[in-house]
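Chemist: Given next are the chains, with one letter for each unit.
Number of protein chains: 2
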Amino acid sequence: MKIAVDAMGGDYAPRELVRGTVAALQKQEELEVLLVGRPEELEAELEACGWEGAGGIRIVPAQDVIAMDENPGLALRRKKEASVVVAARLVKEREAAAFVSAGNTGAAMGAALFQMGRIKGVARPAIASPFPTARGLCLLLDAGANADARPVYLEQFAHMGAIYAENVWGIPNPRVGLLNIGSEAEKGNELSRETYQLLARSSLNFVGNVEGRELPAGVVDVIICDGFVGNIILKLAEGLAFALMERLKGELEAEFRTRLGAALALPAFRRFKKGLDYQEYGGAPLLGVKGICIISHGSSKARAIENAIGAAVAAVQRDVVAKIQEKMRAFTGD
Amino acid sequence: MKIAVDAMGGDYAPRELVRGTVAALQKQEELEVLLVGRPEELEAELEACGWEGAGGIRIVPAQDVIAMDENPGLALRRKKEASVVVAARLVKEREAAAFVSAGNTGAAMGAALFQMGRIKGVARPAIASPFPTARGLCLLLDAGANADARPVYLEQFAHMGAIYAENVWGIPNPRVGLLNIGSEAEKGNELSRETYQLLARSSLNFVGNVEGRELPAGVVDVIICDGFVGNIILKLAEGLAFALMERLKGELEAEFRTRLGAALALPAFRRFKKGLDYQEYGGAPLLGVKGICIISHGSSKARAIENAIGAAVAAVQRDVVAKIQEKMRAFTGD
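Going line by line, the protein sequences match chains F and U. First residue of the first sequence: 2, per this note's numbering; consecutive thereafter. First residue of the second sequence: 2, per this note's numbering; consecutive thereafter.
Be careful, since some hints might not be right.
The list treats identical chains as interchangeable, and a pair is accepted whether it falls inside one copy or across any two copies.
[Claimed, not checked] Each computed DMTMM-like pair below joins lysine to aspartate or glutamate, with the alpha-carbon atoms no more than 25 Å apart:
(1) K236 <-> E187
(2) K28 <-> E185
(3) K250 <-> D278
(4) K250 <-> E48
(5) K328 <-> D65
(6) K274 <-> E247
(7) K274 <-> E254
(8) K3 <-> E82
(9) K302 <-> E327
(10) K274 <-> E256
(11) K250 <-> E30
(12) K80 <-> D70
(13) K188 <-> D70
(14) K250 <-> E82
(15) K291 <-> D149
Think of the hints as simulated: they come from the structure by calculation, not from any bench.
With these hints in hand, go ahead and build the complete structure from the sequences.
Modeler: Here it is in C-alpha cells:
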C-alpha cells in the first residue's frame, strides 16, 4: 500500500515527518511512503536518520510549501505545486491510497476537497478528531471544518463518524451522542434540537444528548457538534490539561515535603502525561471526501506521524470511503 | 442590607443554604438575610447550627419548592408561591436588595425575569459565570441563558460583563475577548464574525478573538460567547478536571513508590483541589435584570452559599444595576 506524506507541513517539518515515516516503515509490512517535498531537504533528513534507501520510500518533488499561518484559500490559488497539493493529487491519481498532512489544516482540507472531491450525497466533509476520555477515545465530529452547520450536516457527520469508529477503531455498533446543554430532546439551540430529531429517527445507535460534564467520562464512542463548538472544546481540553498540570506543578514545588513526594511519584506523572498526549492518537481523518486524508496536529513529532500513517493504512484497509459512499446513497435517493 | 436566599433550592437544601447564611452573617456587618422557604424546616436547621435567633435572619414563608429537574416554565406557572418566586418578589418589592438561588437555574432566571423585569435596552439577560484560569478568574458570558444568540446580544453581554468585572471584581478597564476558532477578525461562524465587528467598534477594551487553547491561561478578564457554547465549555471544564484527577489518582495508586510519593505530596494536592473548587467562586450573577440575582451551582455547599451572598452584597454596594442601566441607554437612543 502506498501512502503519501506531505513532508513539508507542520511545525517540525521536514525532520519529524521523515522520522515518523521511517518509524512507520519499520513496523508496517508492504507499506510504501511517497514523501512529498523538496528532495534535497528530504534526502538530508533521510540520511540523518540512517535510512539506507533500500526501498519503501520514494521522494516526490514539490518545491512550494504552504506555511502554518497562511490564508489557505489564497495559498492554494498561488501555490499550485505546494507539497500538500501534490500529496492530495497523488491520491486523486491513484498513485497513493491516502495522504497525511500535519501542515496548515485549512490548506489540507482545501487540497483534499479540490483534488479528491466530495463523496456523492455528502453535504459537507467533516474533520473527525479523537478526543481522550476516561474510558479511551471518543471520535468528535466536526473538529473545525464547518463553523456554521445545518441539522442534515450533523446527521451525516454522525453516520460517517460511526462508520469510522466501527471499522477503524473496531467498536461494534458505536454509541453516538449529540453534544448539548441538557439531556431532554427539547434542550439546546435550534441546530441541536433539529439534529436530535434527525438522529433519533436514524438507524444509528443514538444514545441522546451528552452534556459537557459527561463527555470526559467516556459515555459515547462518537460525539457530534458543529465545527465551531468542536474546535473550541478540543483546544480548550488541550489548554486546560496544560494549565492544570502547571498549577499542580506549582503546588508540588512549593515545599520540600511535596517536592520529595512528587519526585517519588514521577513514574505515575509520566504515565499520566503519556495518556494525555495527542501524539499517541494518530491524527484526524477528513471524512466525506473521495479518498483518505489524515490531518495531524501542527506540532506533531515523529510518534504522531507514525500513528497518523497507521490510521491512514487502517482506513484504507477497512474501505472507509466505500462504506461512506454506500451509506450516503440514502441521502441522494439512489 | 437585606439579601433574600431561596433556602429550598439546590441539591443540599435547606441544610447547606442555612449554614452558608449563618457563615455569611458571622463575617458581614449590617447584613440581614431573608431566608425563604418552609418555616418548620428552616427553624430546625437554624437550631441545628446553634443559631440563637439574635437577629440578622428573618424567615419568609414559602411552601412550594421547584425541584432541580422540573420544567422551569411549567413549574413557574403552577407554583406561584415557590421559594424562588417569593425570593425574587422580595427584590421586586424592595424588601431585599438581591436574591441568591442554588436551585433550578431555569426557574431562578424565569423568576428573576418575570418578577424584576429586564433593564430597558437589554435584549436578553445573560448568566455571567466565573471561569478559573491560571491567573485567577475570568468572567464568562453567557453561561447558558441564551442557547441561540444574535451579535447585538453578545455585544451587550460584553458591556454587562465588563461592568461587573470592573465594579465587583475591581479590575480596571477589563480585557474583553471573544471566544472563537482563530485569531483573525474573519475567523469563526456568522455570529462570531459579526460580533467581532461590533466589539471592535465599541468603547470596550476589546483584545480580539480568544481560542479555546488560550482561555485557561488567563489572557482576558471577560470572555464572550453564546449560552450554548458557554454552558458546554463550563461543564466540560468541570468534567475534564474531575476526569484528569481520577486518572492521575489511578496512576499514583498503581505502585508502592508512587503511592508513597502521593502521600507525601498530599498537602499540594489539597491546595490544588481547593483552587479548582467552584464553591470558592461565589456564584454567577444574572445580568440585565432590574435587580441582583446570583445563581449558584446546584451542588453548592455552605461555603459556596456564603460566597454567593458575598457576591450579592458587593454587586449591590457597587450599584451594578444602575451602571448597566446607564450603559444600556446607548442601545435605546435615550
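Chemist: Each of the hints needs a verdict: does it hold here or not?
Modeler: Here's how the hints hold up against the structure:
1. Only between protomers do K236 and E187 lie at most 25 Å apart by alpha-carbon distance; the minimum there is 19 Å, versus 28 Å within a single protomer.
2. Proximity of K28 to E185 under the C-alpha cut-off of 25 Å is found in neither arrangement, the shortest distances being 47 Å within a copy and 41 Å between copies.
3. Proximity of K250 and D278 under a CA criterion of 25 Å is satisfied in both settings, with 17 Å inside one chain copy and 18 Å between copies.
4. In the homo-oligomer, the alpha carbons of K250 and E48 never lie at most 25 Å apart, since the shortest distance is 39 Å inside one protomer and 44 Å across protomers.
5. For a Cα distance limit of 25 Å, the shortest separation of K328 from D65 qualifies neither inside one copy, at 37 Å, nor across copies, at 52 Å.
6. For the identical chains of this complex, K274 and E247 are neighbours both inside a copy (12 Å) and across copies (13 Å), given an alpha-carbon limit of 25 Å.
7. Taking the shortest alpha-carbon separations for K274 and E254, both the intra-copy value of 18 Å and the inter-copy value of 15 Å come in at or below 25 Å.
8. When the C-alpha separation of K3 and E82 is checked against a cutoff of 25 Å, the pair qualifies only within one copy, where the shortest distance is 20 Å, while the shortest distance between copies is 71 Å.
9. Taking CA atoms no more than 25 Å apart as the test, K302 paired with E327 passes in neither setting, with 35 Å inside one copy and 54 Å between copies.
10. With identical chains, the CA atoms of K274 and E256 are at most 25 Å apart both within one copy (23 Å) and between copies (17 Å).
11. Neither within a single protomer nor between protomers do K250 and E30 lie at most 25 Å apart by alpha-carbon distance, with minima of 42 Å and 39 Å respectively.
12. In the homo-oligomer, the alpha carbons of K80 and D70 lie at most 25 Å apart inside one protomer (14 Å), although the nearest pairing across protomers, at 56 Å, exceeds that limit.
13. Taking CA atoms no more than 25 Å apart as the test, K188 paired with D70 passes between copies only; the shortest distance there is 13 Å, against 38 Å inside one copy.
14. In this homomeric assembly, K250 and E82 never come within 25 Å of each other (Cα to Cα): the closest approach is 46 Å inside a single copy and 50 Å across copies.
15. When the C-alpha separation of K291 and D149 is checked against a cutoff of 25 Å, the pair qualifies only within one copy, where the shortest distance is 22 Å, while the shortest distance between copies is 34 Å.
Consistency with the previously given hints fails for numbers 2, 4, 5, 9, 11 and 14, ordered from lowest to highest.
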